[in-house]
Amino acid sequence: MIENSFNRRDFLKVLGWGGATVALSGCGNTSVEDGREFVTSYVQTADYIIPSIGTYFNSTCAQCDAGCGIMGRVREGRVLKLEGNPKSPTSVGKMCGLGQAGVQAHYNPDRIREPLLRNGDKGEAITWEKALALINEKIGGVKAENIAFLTGGVSGHVKVLLKNYLDALGSGHHYVYEAVAPSIMRAANKKAYGVEMPRLRLDKAKVILSFGADFLGAWVSPVHFSQQYARFRKADNGKRGVLVQVESKMTLTGANADRWLAIRPGTEGILALGLINALSTAGLSVSGDVVAVVKEYTTDRVSKDTGVSAEHIAKLAALLKERSPSLIIAGSAAEGYAHGSQNAAAIALLNQVLGNVGKTVEGSSGIPFPQMAPTTGNRQALQALNDNMAQDKVKVLFSYGSNPVFTAPASMKLKENLKKVPFKVAFAHYMDETAVEADLVLPLNSALEDWGTVMPEYVADGAQLSIRQPLMEKLHPGTLGMGDILLALLKQRRPNEYKGYEDFYSYLRNAMVSNKGALGGADADDNTFWDAALSHGMVKLAGSPVNISSHVSVNGLVVPAPFAEDSAYPLHLIPAVSASLRDGRNANEPWLQESPDPLTTIVWDSWVEMHPKTAAKLGIVEGDIVEVASKSGAIKAQVYVFTGIHPDVISVPLGYGHEAMGRYAKGVGVNAFKILDPIFDKETGELAMHETRVKVSKAGQRVIIVKDEGPAGGQQMGRKIAVRMSSDKVNLSKEV
Amino acid sequence: MYCFLRLSVLLVGLIVSVSSYAANAVQPLTTADDLGPKVEQPIEFPHDRHAGDAAKGGMQINCMYCHTYARRSIVAGIPPLQKCIGCHQNIESVRETPRIKKLFEYWEAKKAVPWKKVHDLPDFVRFNHERHIQRFVFAQNKPVQEACGYCHGDVKTMTVARRQKPLSMGWCVSCHQKDHPVDATSTKTTHGPNDCWQCHK
Ligand code: SF4
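Residue numbers (the numbering used here), protein chains in the order written: chain A, 6 to 741; chain B, 381 to 581.
It is possible that some hints are incorrect.
[Said to hold, decoys possible] Quick list of simulated restraints, FRET-style, between CB atoms:
1) B:M549 to A:T648: 36 to 42 Å
2) A:K545 to B:C555: 53 to 59 Å
3) B:R511 to A:T606: 54 to 60 Å
[Stated by the list, open to error] Partner residues are not named here, just some residues of chain A that face chain B (Cβ under 10 Å, in silico):
4) R41
5) S292
6) G672
[What the hints assert, rightly or not] Below, computed lysine-lysine pairings styled on DSSO-like, alpha-carbon distance capped at 30 Å:
7) A:K425 to A:K636
8) B:K481 to A:K86
9) A:K86 to B:K545
10) B:K497 to A:K135
The hints are simulated quantities; they were obtained by calculation from the structure and are not laboratory data.
For each residue, glycine too, the CB sits at the ideal point set by N, CA and C.
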């Protein structure tokens, strides 16, 4: 009764009076803490530390593998906010939203605080001495070949120590696994240009044609590419570069493109060859063997196969011919198929024909210390480990920096195989899905309280060693850095070699200072060199440039015909890599869950993106809960109807659906990794992420989607906001 | 019935507010009640000995020698322990007194002294030391002890500090309404800012 009659207005009136009492008591100094609150001062401090004024220290972001240079604002011994390091060639003073959330990785309430040893279903806190002794004991009891180390991408001095530890054990089993990595592109680049990761000069290109590379959102080094992109859009000569994005599901980059072309999934290679044919017909000089291969890709046929209209193909070819140099990028959308390598090769061939290699695709820099060079990973490594575990060949498994129980497709049965390993050690920040399976969990320092060096795979300019240094004291006394743990483990094996190093810091400092000549500090004394390195957050390395070659051979370049229709599983599933969640390792940072997806504006949940035509055919409206079933499994999620997707495709973002990890990640959304079919790229053996075919059926419920977006043509403060316009109303013919 | 309920709720609200207002309204601006609570500190720091007049056995040390942040930051800060030790390691005469022994115990253990806060403002008030010190001490050439004393009272006569002023909004405003000369030589006057957002950011 009270709910009905006691309306909001009355409530506010009462609150007004009540509020007045609260405010008045405020004047009576009831909220001050004279004589109760502590005001703790420093014991010793540097002159430049002034209470309430921030001091900035440089370090390296650990939120994704791009390894941007960052600086952290530190006040009263607490890190408050991260910014880009202006001196870093990768980030040039900027950083992305994912990187910003790094403080939430550090202050996260779900971090593990002490070593945990399995006791039945529970983890029992033990001391580090006991944990390290236990590892020593377990390793002593098995043969070296039965010890395996699984990591994500590693580089720098931690990688050196890891290698030394494995050498000391006599085990060569270091498996490197990255769930979302451009592995197929690396292989294709190596073949086409002789380097895995050529420098892409977006800023030099006049036209960029990107086949599903989300370089502004989540691809390789997005902060760096965003800055190049700004120069591409506002070139010094005043000519604005034109971006055409071809993909089956719109990415953030696609949303920024001048022309977004929805392509039938898997036919990217056909379009690339069709463009070569159209260019050669238009008079671009193309070598005879290439013409012989591409001549059958007439515009009509390509248009029919790809779903891209003949008019657009002709315009695109004319644009590419007229404006040189251009840059063609093969992204994850093109490589995610069983013929991903062929797609990538066809796209590389287009770059070659257009003469872009050497102009907008440049060689990278050689790395003077190959032992610190980044080890990149792939799924095949995980498969090898999985097979070994299934055959009981792994007795002790260490896992660091990857979460395969979450990211491996269900068809791998990784969790079951993991149970066969008698002793599993996880180095972890959270009790994630893999740590939950472990027998011993060792808690790591956060990236903002740890020492280390990083050599990113994609470096903007020359070669460099980025430094990660603590921005504040450890929050939890019971955590340790990976370097410290490896050093302690090495002391067990090679005491004479390592006993001189008290901790990883002293090892790192010594290793760098004793090599200062090669690290650009030949003339400086030790302290000056070291202080300068820390203050810059990196050291430049003198790397010899690696020349790029261009020899895409057309021999054996066959791009298969488009997929046949499959009546049982009529739709393609695109597992989307979002700028915030990526492979899900940061899902327990609430800012990332809370920041709306840039295209759909959805927060705190998974969704199924679907074209309005497809939705109409299935009788689905926004908010319907649907079941998405592949041959390997099924998930349920809410539908978001969206025109930025090909009608044959649905898309579900990755990174959601954790079953463990922490309060913000657990139970939010569904895990799309699980239903990916085991289909692999034929050349590299990588998981073809976009190959999974699915069927969609209504599950009966309907929900209101929680999102920021208002109704189309909505108003805010009496003004129209974000006016929608359908893409056929946009006239880009002047540009394209 | 509904009306009755609504009315009674409103009335209760009203009575509570009025009584609370009444309790607060009678407070005059400056009385002995302005004194803050007596605060027990881990070390009974003698401000009088350090800053007091020489005639009374004080060392006449400038406030800003120890509270060095006041002119550079919104908070005055408590000096780092190293500052105390910096002098006291050379003052043999008091080295064995109980307070200094305690001080060195903290120093040797590298532990911060857990001082208690004497002057606290509600969290919605932002008071800026730097602005006041720059204006009074550096622009108007007022003696430091006088400038600090506007809010902190005559600290040089105290041992541990105790709040001397109400530090309430009305008290702040009463001063901000007064005209002061812009600087030491000028005849132009101005008064402190009276915009809400100067303190309530
Ligand atoms: S791109 Fe990656 S490394 Fe760079 S700021 Fe963003 S999360 Fe950090």
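Results of checking the hints against the structure:
1. A hinted range of 36 to 42 Å for the beta carbons of M549 of chain B and T648 of chain A is inconsistent with their spacing of about 56 Å.
2. Here the CB-CB span from K545 of chain A to C555 of chain B is close to 55 Å, well matched to the stated 53 to 59 Å.
3. R511 of chain B and T606 of chain A have their C-beta atoms about 42 Å apart, which leaves the hinted 54 to 60 Å range violated.
4. Given hint, R41 of chain A at the interface with chain B, holds; its Cβ is 7 Å from that chain's nearest Cβ, closer than 10 Å.
5. Given the 10 Å rule on beta carbons, the hint for S292 of chain A is violated: about 68 Å separates it from the nearest Cβ of chain B.
6. Nearest Cβ of chain B to the Cβ of G672 of chain A: about 34 Å, over the 10 Å cut. The hint is violated.
7. With a C-alpha separation of about 26 Å, the suggested pairing of K425 of chain A with K636 of chain A holds against the 30 Å cut-off.
8. Between K481 of chain B and K86 of chain A the CA atoms are separated by roughly 40 Å; this puts the pair beyond 30 Å, and the hint is violated.
9. About 36 Å separates the Cα atoms of K86 of chain A and K545 of chain B, which puts this hinted pair outside 30 Å; it is violated.
10. A distance of roughly 42 Å separates the Cα atoms of K497 of chain B and K135 of chain A; the hinted pair therefore is violated under the 30 Å criterion.
Checked against the numbered hints given earlier, this structure breaks hints 1, 3, 5, 6, 8, 9, 10; the rest are met.
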